[in-house]
Structures are given as structure tokens and as C-alpha cells.
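J.: Fit chain B to the given chain A structure using the hints.
Residue numbers (the UniProt record's numbering), protein chains in the order written: chain A, 1 to 226; chain B, 1 to 226.
Because the hints were derived from the structure by calculation, they are not lab data.
Keep in mind it's a predicted model, so treat the numbers as computed, not measured.
Where hints are given, some of them may not hold.
Given that identical chains are not distinguished, each listed pair holds provided it fits within a single copy or across any two copies.
Said to hold, decoys possible - For lysine-lysine, the following DSS-like pairs were computed, each having C-alpha atoms within a straight-line distance of at most 25 Å:
#	residue 1	residue 2
1	LYS201	LYS215
2	LYS124	LYS201
3	LYS163	LYS124
4	LYS41	LYS82
5	LYS124	LYS138
6	LYS41	LYS61
7	LYS149	LYS61
8	LYS41	LYS138
9	LYS149	LYS44
10	LYS138	LYS44
11	LYS163	LYS187
12	LYS61	LYS120
13	LYS138	LYS50
Number of protein chains: 2
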Amino acid sequence: MSSDITLYWGSGSPPCWRAMICLEEKGLSGYTSKLVSFEKKEHKSDEIMKINPRGQVPTFKHGDVVVNESMAICLYLENTFKNQGTKLLPDDPSQQALVLQRFMETQNISEKTGALVYYKFRTKAEDWDQGFIADKTKALAEELPLWEKYLSQYGEGSFITGKDFTLADASLIPALAYLVRMKLPLKERFPHLASYYERVKDRPSVQSAWPPHWKDSPGYDYLKDV
Amino acid sequence: MSSDITLYWGSGSPPCWRAMICLEEKGLSGYTSKLVSFEKKEHKSDEIMKINPRGQVPTFKHGDVVVNESMAICLYLENTFKNQGTKLLPDDPSQQALVLQRFMETQNISEKTGALVYYKFRTKAEDWDQGFIADKTKALAEELPLWEKYLSQYGEGSFITGKDFTLADASLIPALAYLVRMKLPLKERFPHLASYYERVKDRPSVQSAWPPHWKDSPGYDYLKDV
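With the rest of the complex left out, here is chain A (with noise of 0.2 Å):
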């Protein structure tokens, strides 16, 4: 079922990250991943392009079918393969509820990050403007403690939407990932996020897509101030 489908993908990509995070859960682990090389510009090349016009990553391919936007990939996923692997969206309505609002909710983290790194990333540090870094501090400092206090309701042990693994935590995990990359102090600001972050992080599905440069690399202190 997995020989059919086709995942170009960047590495340290949250996007990326979750689509693939959602293919393992789903059984697919068999699937053509193609890695890209963002730095030779390879998620500009025909081979994506052709299917892709954003030339971007993901870009992934099942049979005819294109999907690129990471959430719609995992929607997709899910809807397709229903009785296999883990169940990503709970039927109950009110339960199914829950993980839509706070699997699309995921992607307030990772603009409010997304901010602050591309600033610091593209910007050189003489010439940062500090009100700005203040301001998008203060954004991703603020949206921070929302999680840790949706965490809280539940048990040790939790996922984000409680007993049970779903697009959530999908979406979730490697948008936390990127923080610690970053240096976010999460176990001293967040405990819950730390130890769900402790815990999930060595889910075989979420250690299948760790990105492969972040195992022999350090990563930037650019949130250590968060």
C-alpha cells in the first residue's frame, strides 16, 4: 500500500516532520522518501516542481494523488487509511473536535518561532532590531504557557488532547522539537511541555523522522531568552 506513495522531504522541517510522523503511524513506513537538499536549492528542482509549484516541501505523491500543504497531508492520511495504524482523529464528535482545534492550532507555535528564528537567522546580530525581537519574544513566550496549561488537565502521561495519540500530537511534537533545538529553556519555563516533550520525542514515529543533521549538529541559541 506504502509502494505507491512518495515523500520529498527537507530535513528540520516541521512540516515535513509531521507528515511523516502521521505516515508511520499509519503503517507506511514503506514509502519513497526522497530527502532534498534545501542548500542545493533541490525543493526547486523539475522533478517537484512538475508536481509542486510552490517548490516546496513536503510534496507528497500517493499513486496520482498531489498534496503539499503539510496539514492537508495529514488530513489525507488519515481519511485514507482509516482502519489502519493508529486512529489520528477520534470519531466522538466532541473528542474529534478537540484534535482539529489543537492540531490547527499547532500552527500558531510555529509562526510565532518561525518569526523570531528567520529574523535572527537572516539578520546579523549588529544589526538586529531589538524592539522587534522584544515584541515576537513576547508573542512566543505568550503562546507557550496556552499549551502547557492544555497539558495540564490531564494525567502524566498525556498526550495533548489526553490518553491518546492523534494529529495533535503529530503536529505538536516537532514544533517542540525546533524549540529545544533553539535553546528554548522548556524544562525550566514548561514543565508538562517538557516531559510530554521527554516522552513523546522517542516515539518510533517521531524518532523515524528526526532530522538527520541535528544528530551531529548543535543547533542556535536564538530562544534561550523566551
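T.: Chain B alone, transformed into the frame defined by chain A:
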């Protein structure tokens, strides 16, 4: 069925509008509609903060179920009221994939529009950073031809994924209406999108949520040069 639904919304907010279009399309027009004033900061009222700690709209409640991310509201409504009103997400896997892809992809238009409009709205014209404006204008100008091309694949009179109105249209039409409100020369630059806009804007579900304050105010010319 709609009597236990409440939606808090703001006039002119595309995320609110897309949720409202889905409510109408699913035959739920009898819901409790609470228009909040951004000017009076009613979106930060206790009533909303209690169920939506972000203090944002849309804030949606169906019985005890709360969903506040607009894309999640749309998906929830379609899944929960599957067999009534317009079918917004097709069952056929390849058609469903296309709808999910385009639905999520509309966020690109919103983000690129927002980056430009909010900057111009919040910054005095004499302080405008022309380099920043040029970058953001270019990003939006590169986004819209993708949609023009998507639409050109289908015959005259079609929707964004083919012959049926779907979630993707519910999300696209407010984004286009916002562009028009900001004086983007849609007709001159993107004839397929302009024709789509003219056709879909009069759909009852779209009209029912047309921002009230747009009816007697002219908008801004922030996008006239895109």
C-alpha cells in the same frame, strides 16, 4: 440542530467569514450569531476569554464543544453534519485530496495579503519601508497566478476544485473579497479569478456573512499596485 450553536465573529474577518459560509452551506442558519466590535475590544470580553483564551474570533460553540480555529470549525461542521446541506468534502479520495490541499493552501493568500495590508494599516505612510513593501508585494503577486492557473483548468462556471462548491471555496472567496476590498485590480490582472469572484460572491451563504461595515465604507487602496 443549529439552536445549540453560537458563533462570535467580527465584521470583515476572513476566518470568521469562512466559518459562517460553512454554517450556511450546512443548513445551520438558525445559529446564535454574536457580532463583536474589534474597536470596543469585545473579542477580549470575559464571555469570549472564558471559552477562548486567545481572545480571538471566530469563537464557536456547539453544545459543550468549543472550536476556535476557523479551519477546524469548517472541518468539524462538515464531519458532524455530513448528511445535511452542501457536501463540502467529497468522499472520493482523489477529489477529497484536492479539496483538502486547496482548502489549506488558501492560508498562503491570507498570510501574504495580511503581511502587506497590516503593515500599511499600522504604519504611517511617510514611514513606509519601500523595500519591505516591494518584497511583500512581490510575494502576493507571485501567489495569485497559481490560483488563476488552478481555476483555468476547469470550464467557465466552475469552482476552485471543479464542478462543486467545497471547503476550498468557503475559504477562498473571503480571501478574494478581501483583496477586492483593498483595491487589488483583480479583473485586469487575473480574469479567471475575477470571473469566479463575480459568480461566487452572490451565493447566499457568502452574502449572508458579507461584512456589514463593508456595505457603507469604501475600503483601502493598499493593494492597488499588486
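J.: Would you mind marking each hint as holding or not holding in the structure?
T.: Results for each hint:
no.: 1; hint: LYS201 x LYS215; verdict: within (14 Å within a copy, 51 Å between copies)
no.: 2; hint: LYS124 x LYS201; verdict: neither (32 Å within a copy, 46 Å between copies)
no.: 3; hint: LYS163 x LYS124; verdict: neither (44 Å within a copy, 50 Å between copies)
no.: 4; hint: LYS41 x LYS82; verdict: neither (35 Å within a copy, 42 Å between copies)
no.: 5; hint: LYS124 x LYS138; verdict: both (21 Å within a copy, 24 Å between copies)
no.: 6; hint: LYS41 x LYS61; verdict: within (20 Å within a copy, 45 Å between copies)
no.: 7; hint: LYS149 x LYS61; verdict: between (37 Å within a copy, 20 Å between copies)
no.: 8; hint: LYS41 x LYS138; verdict: between (33 Å within a copy, 20 Å between copies)
no.: 9; hint: LYS149 x LYS44; verdict: between (40 Å within a copy, 19 Å between copies)
no.: 10; hint: LYS138 x LYS44; verdict: between (34 Å within a copy, 18 Å between copies)
no.: 11; hint: LYS163 x LYS187; verdict: within (22 Å within a copy, 52 Å between copies)
no.: 12; hint: LYS61 x LYS120; verdict: neither (34 Å within a copy, 39 Å between copies)
no.: 13; hint: LYS138 x LYS50; verdict: between (40 Å within a copy, 22 Å between copies)
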